[in-house]
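Go by the hints and put chain V onto chain R.
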Amino acid sequence: MSGRTWVSCFVASALLPMVAAADPSAARQGELIHLLRHDCGSCHGLTLKGGLGPPLLPATLDGLPAEGLVAIILDGVPGKPMPPWRGLLPEGEVAWLVEQLQAGAIDVE
Amino acid sequence: MRIDRRMLLGGALATAFAVTASATELRGTGDLGLVVERADGALLVVDTTERRTLRRIEGLGDLSHASVVFSRDARYAFVFGRDGGLSKVDLLTGGITHRVIQAGNSIGGAISQDGRVVAVANYEPGGVRFFATSDLVPLGEIAATYGADDARSKVVGLEELPDNRFVFSLYDADEIWTATLGEDGPTVTARFEDVGTLPYDALVTPDGRHYLAGLFGEDGMALLDLWDPAAEPVRILDGYGRGEAPLPVYKMPHLKGWSVAGELVFLPAIGRHELLVVDKTSWREVARVPVHSQPVFAIARPDGRQVWINFAHPDNNVVQVVDVPSLAVVGALDLGPGVLHMEFTPKGEEVWISVRDADRIDIIDTASLERVTSLEARSPSGIFFTARAHRLGY
Numbered sequence: 001m002s003g004r005t006w007v008s009c010f011v012a013s014a015l016l017p018m019v020a021a022a023d024p025s026a027a028r029q030g031e032l033i034h035l036l037r038h039d040c041g042s043c044h045g046l047t048l049k050g051g052l053g054p055p056l057l058p059a060t061l062d063g064l065p066a067e068g069l070v071a072i073i074l075d076g077v078p079g080k081p082m083p084p085w086r087g088l089l090p091e092g093e094v095a096w097l098v099e100q101l102q103a104g105a106i107d108v109e
Numbered sequence: 001m002r003i004d005r006r007m008l009l010g011g012a013l014a015t016a017f018a019v020t021a022s023a024t025e026l027r028g029t030g031d032l033g034l035v036v037e038r039a040d041g042a043l044l045v046v047d048t049t050e051r052r053t054l055r056r057i058e059g060l061g062d063l064s065h066a067s068v069v070f071s072r073d074a075r076y077a078f079v080f081g082r083d084g085g086l087s088k089v090d091l092l093t094g095g096i097t098h099r100v101i102q103a104g105n106s107i108g109g110a111i112s113q114d115g116r117v118v119a120v121a122n123y124e125p126g127g128v129r130f131f132a133t134s135d136l137v138p139l140g141e142i143a144a145t146y147g148a149d150d151a152r153s154k155v156v157g158l159e160e161l162p163d164n165r166f167v168f169s170l171y172d173a174d175e176i177w178t179a180t181l182g183e184d185g186p187t188v189t190a191r192f193e194d195v196g197t198l199p200y201d202a203l204v205t206p207d208g209r210h211y212l213a214g215l216f217g218e219d220g221m222a223l224l225d226l227w228d229p230a231a232e233p234v235r236i237l238d239g240y241g242r243g244e245a246p247l248p249v250y251k252m253p254h255l256k257g258w259s260v261a262g263e264l265v266f267l268p269a270i271g272r273h274e275l276l277v278v279d280k281t282s283w284r285e286v287a288r289v290p291v292h293s294q295p296v297f298a299i300a301r302p303d304g305r306q307v308w309i310n311f312a313h314p315d316n317n318v319v320q321v322v323d324v325p326s327l328a329v330v331g332a333l334d335l336g337p338g339v340l341h342m343e344f345t346p347k348g349e350e351v352w353i354s355v356r357d358a359d360r361i362d363i364i365d366t367a368s369l370e371r372v373t374s375l376e377a378r379s380p381s382g383i384f385f386t387a388r389a390h391r392l393g394y
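If you read the sequences in order, they're chains R and V. Sequential numbering from 1 applies to the first sequence in the numbering used here. Sequential numbering from 1 applies to the second sequence in the numbering used here.
Since the hints were derived computationally from the structure, they do not count as laboratory data. All values derive from a computational prediction rather than experimental measurement. Glycine included, C-beta positions come from ideal geometry on N, C-alpha and C. Do not rely on the hints blindly, as some may be mistaken.
Said to hold, decoys possible - Straight-line Cα separation of at most 25 angstroms, SDA-like style, residue types lysine to any residue; simulated pairs:
no.	chain 1	residue 1	chain 2	residue 2
1	R	80	V	111
2	V	280	V	317
3	V	347	V	192
4	R	80	V	192
5	R	80	V	247
6	V	280	V	334
7	V	251	R	22
8	V	251	R	60
9	R	80	V	271
10	R	80	V	256
As the list claims (entries may be wrong) - Covered by chain V, according to a simulated footprint, are these stretches of chain R (three or more residues, beta-carbon under 8 angstroms):
no.	region
11	36 to 46
12	50 to 63
13	81 to 93
Stated by the list, open to error - The calculated label-pair distances, taken between Cβ atoms and stated as ranges, are:
no.	chain 1	residue 1	chain 2	residue 2	range
14	R	67	V	337	43 to 53 angstroms
15	R	88	V	26	48 to 58 angstroms
16	V	314	R	66	20 to 30 angstroms
17	R	103	V	149	28 to 38 angstroms
18	R	88	V	284	33 to 43 angstroms
19	V	331	R	88	22 to 32 angstroms
20	R	87	V	262	45 to 55 angstroms
21	R	66	V	246	23 to 33 angstroms
22	V	239	R	87	39 to 49 angstroms
23	V	263	R	25	50 to 60 angstroms
24	R	80	V	27	47 to 57 angstroms
For reference, chain V alone in the conformation it holds in the complex:
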């Protein structure tokens, strides 16, 4: 009888995500996560131990380019929607506990070191808005104004820092700002101009020391040492294109979650079919890895042994695996068109990959590179596991 019941449950899952674990059942959240179904404005709550979908949460608005951060108790997720929606979701009950439309157009956000504040990077109106994680009450705004007429820039690459600070880039203004949030609201603590043309995204290293902004408009990246209060952003990898014209870019690389594997940092060369490998001490290029096409994400397995890469349109059917010690591509998977995102289980034995056009999440064993199983999802994009709750820059 027991086996029959399980089979029934499996069948129901495959068709309708209708299975809902009881909210009163005691369980942890360390093996849970969210999958964004962007076309439907919905989220799937998934269990990475059982490899199944627990429930579906609807009503989250425009989730194109949506991203997620987690509360430090790893029970709640804060979901940043493209339409300016900020939602607080309870993974255990599947409820939306709070939701605000905080701007007209936004790109993502960060949660403070102490877990009390979420900050949202907005395109329209350009700036950063801050909210209490408890109930999403607004705590203030930094307007990203620049130039003589105080135009507002789109904000990108917003990251949290130690000491409850934040750092972000101004796409239209070529600037990097740092900010802090005190009793009287947010304050800009430093403003760096002329950091390079069109900073489009950024990452912070796992130790919170370095902020690295990608520049669309030039061969190079802007690096800021956040441990040195007197430091100015410096240009690194200057001229990595060696004067060759870049290829057209059909999808901008995403830097958040780009790889720091041990002493090496893996970075995208805009408009090129290669990864740049940079030494984290000298910040000089030490190698290049030729890859299948233009990388969008390059994400290190949690132990830093492998880096997994997906690619821009029209080559977004392929995922490649780079072996970090040898800097060689050691595997490639053709999963079908629309591979959008990859997320490792907390210790990295499996990776979950969204295959948008197949309406599927593939779960791959990272040692054998074999597919373990797949889950149904409608136009899946981002995948976010709760292990992010305790990592800086996630």
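Bound-form chain R, shown alone:
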């Protein structure tokens, strides 16, 4: 099953309401991008082009509801290595990361 397919399946079954939150501070944004590249990157690739986990490039995430992606990050994917980040990252920061990923706003090179 392609990464896209399982993302879609999961999104369809687990929608979470989005929490409107202020953007993280500039310093925190830097920490989140560092975490994204180095920790998420250990499965999704340092340049987010995929690895054991699917790519996190705008083309991969295009058309997927942000709420569903936030839910995947917060709660993980049962039966797959994707772990839940709830407790480590607040929902507002996850929503900000998803927004950046979908917009292709992260310089990964």
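Positioned in the frame of chain R, the structure of chain V alone reads:
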């Protein structure tokens, strides 16, 4: 004057790795190694006797999760990049002698017993590709196809075996395959299905006899006896979680280089804060060692007296040391966030540890557990010493 000159050299090193030993200077390579600077696509050539960086090699592409094998003359390194790049690097000159982009996404590789072939495990397209070590000319491919529609699986846990064979696991297909490379190219020699859910990495024992694949999807591991041509993979450590739900895993354990210390094998319990200790004869669990967090690497000192462990996010600042005879944790070091890898000097008196977020390599005395010195490196990850050239499964 001589002392002044040395001091000058030391100062230059600390800032810019600009010092380059002359390529014409005669020297051996047995005490050299490479440090991966993954964010920069660069490698540092290091000298473990002098404890210094000799030179920096740039232009190696995406080195996240990069790994390295060495030619049997221990002069050349083959570097496997995440972006499918395969590079041959000369440790003595610091040059990239050959480089190919052989796939879209890859995870590592192995070098054949005779040193003539490197094999690369690919995620995209899923399979294994083979190249001549002399000039990286392609020698063929095994496509990791499975199921009715011939989907291609990501390949993990690729290891070389005696008799110039290879073994690997299919992450998406729950299979283990063995292969050989003849005059007409690569051939699959055995294909084992239903070995267990989501094999994510594997190791081969130092004698080349046993292949052990970690399973993400279940409590247990798949074990294949490669000396028995009729053997099928068997499940070991079945139900090690005793029915308890595993903790979330923020970094998958790496099995290559996991520990075989004498008659004991140290293995990760996925999603648990413990090491499983297994008897290498019976392949039964004989003990568990509670540790600080979820282990990523557990690596035996070359003499097998100690096992050093690092951990997954968010506990990746700590390294623990297990004493093998007593199976007790006898030391812990807090080196700062982002401890990614550890490599012992050939006979194990020191261990080099990459501390990614501190841009530092710490060199630790393994007897006193004291830091000997540190070297600068930018976001260092893997550390690979040439002593690997002569060990099976490295």
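Now for the hints, and whether the structure bears them out:
1. Between residue 80 of chain R and residue 111 of chain V the alpha-carbon distance is near 31 angstroms, which puts this suggested pair outside the 25 angstroms criterion.
2. Taken as a hint, the residue 280 of chain V and residue 317 of chain V pair is broken in the structure, with Cα atoms around 31 angstroms apart against an allowance of 25 angstroms.
3. With a CA separation close to 37 angstroms, the supplied pair residue 347 of chain V and residue 192 of chain V exceeds the 25 angstroms bound.
4. The straight-line distance between the Cα atoms of residue 80 of chain R and residue 192 of chain V is roughly 22 angstroms, inside the 25 angstroms bound, and the hint therefore holds.
5. Distance check on the hinted pair: residue 80 of chain R and residue 247 of chain V sit about 13 angstroms apart at the alpha-carbon level, within 25 angstroms; holds.
6. Restraint check: the Cα-Cα separation between residue 280 of chain V and residue 334 of chain V comes to about 32 angstroms, which exceeds 25 angstroms; the hinted pair is violated.
7. Note on residue 251 of chain V and residue 22 of chain R: the hinted pairing is violated, with a Cα-Cα distance of about 29 angstroms set against a maximum of 25 angstroms.
8. Straight-line distance between C-alpha atoms of residue 251 of chain V and residue 60 of chain R comes to about 22 angstroms, which keeps the hinted pair within the 25 angstroms bound.
9. Between residue 80 of chain R and residue 271 of chain V the CA atoms are separated by roughly 13 angstroms; this keeps the pair inside 25 angstroms, and the hint holds.
10. Restraint check for residue 80 of chain R and residue 256 of chain V: the C-alpha separation of about 21 angstroms stays at or below 25 angstroms, so the hint holds.
11. Given as covered by chain V, the region 36 to 46 of chain R passes the check, having 8 residues with a CB less than 8 angstroms from a CB of that chain where 3 are the minimum.
12. Using a Cβ-Cβ cut-off of 8 angstroms, 3 residues of the region 50 to 63 of chain R lie near chain V, which meets the minimum of three, so the contact claim holds.
13. A stretch counts as covered by a chain when three or more of its residues have a beta carbon under 8 angstroms from one of that chain; for the region 81 to 93 of chain R and chain V the count is 4, and the coverage holds.
14. Checked against the given bound of 43 to 53 angstroms, the beta carbons of residue 67 of chain R and residue 337 of chain V, roughly 31 angstroms apart, lie outside it.
15. At about 53 angstroms, the beta-carbon gap between residue 88 of chain R and residue 26 of chain V stays in the expected band of 48 to 58 angstroms.
16. As the Cβ distance of residue 314 of chain V to residue 66 of chain R is approximately 25 angstroms, the hint placing it in 20 to 30 angstroms holds.
17. One distance hint, 28 to 38 angstroms for the beta-carbon pair residue 103 of chain R and residue 149 of chain V, holds here, with the actual separation near 34 angstroms.
18. Separated by about 36 angstroms at the C-beta atoms, residue 88 of chain R and residue 284 of chain V satisfy the suggested range of 33 to 43 angstroms.
19. Between residue 331 of chain V and residue 88 of chain R, the C-beta spacing of about 28 angstroms keeps the proposed range 22 to 32 angstroms intact.
20. With their beta carbons about 40 angstroms apart, residue 87 of chain R and residue 262 of chain V fall outside the hinted range of 45 to 55 angstroms.
21. Against the hinted window of 23 to 33 angstroms, the Cβ-Cβ separation of residue 66 of chain R and residue 246 of chain V comes to about 29 angstroms, which satisfies the hint.
22. Look at residue 239 of chain V against residue 87 of chain R: about 27 angstroms separates their beta carbons, and that is not inside 39 to 49 angstroms.
23. Take residue 263 of chain V and residue 25 of chain R: their Cβ atoms lie about 54 angstroms apart, and the range 50 to 60 angstroms holds.
24. Between residue 80 of chain R and residue 27 of chain V the beta carbon distance is about 48 angstroms. The supplied range of 47 to 57 angstroms therefore holds.
Going down the numbered hints, you'll see the structure goes against 1, 2, 3, 6, 7, 14, 20 and 22, while the others check out.
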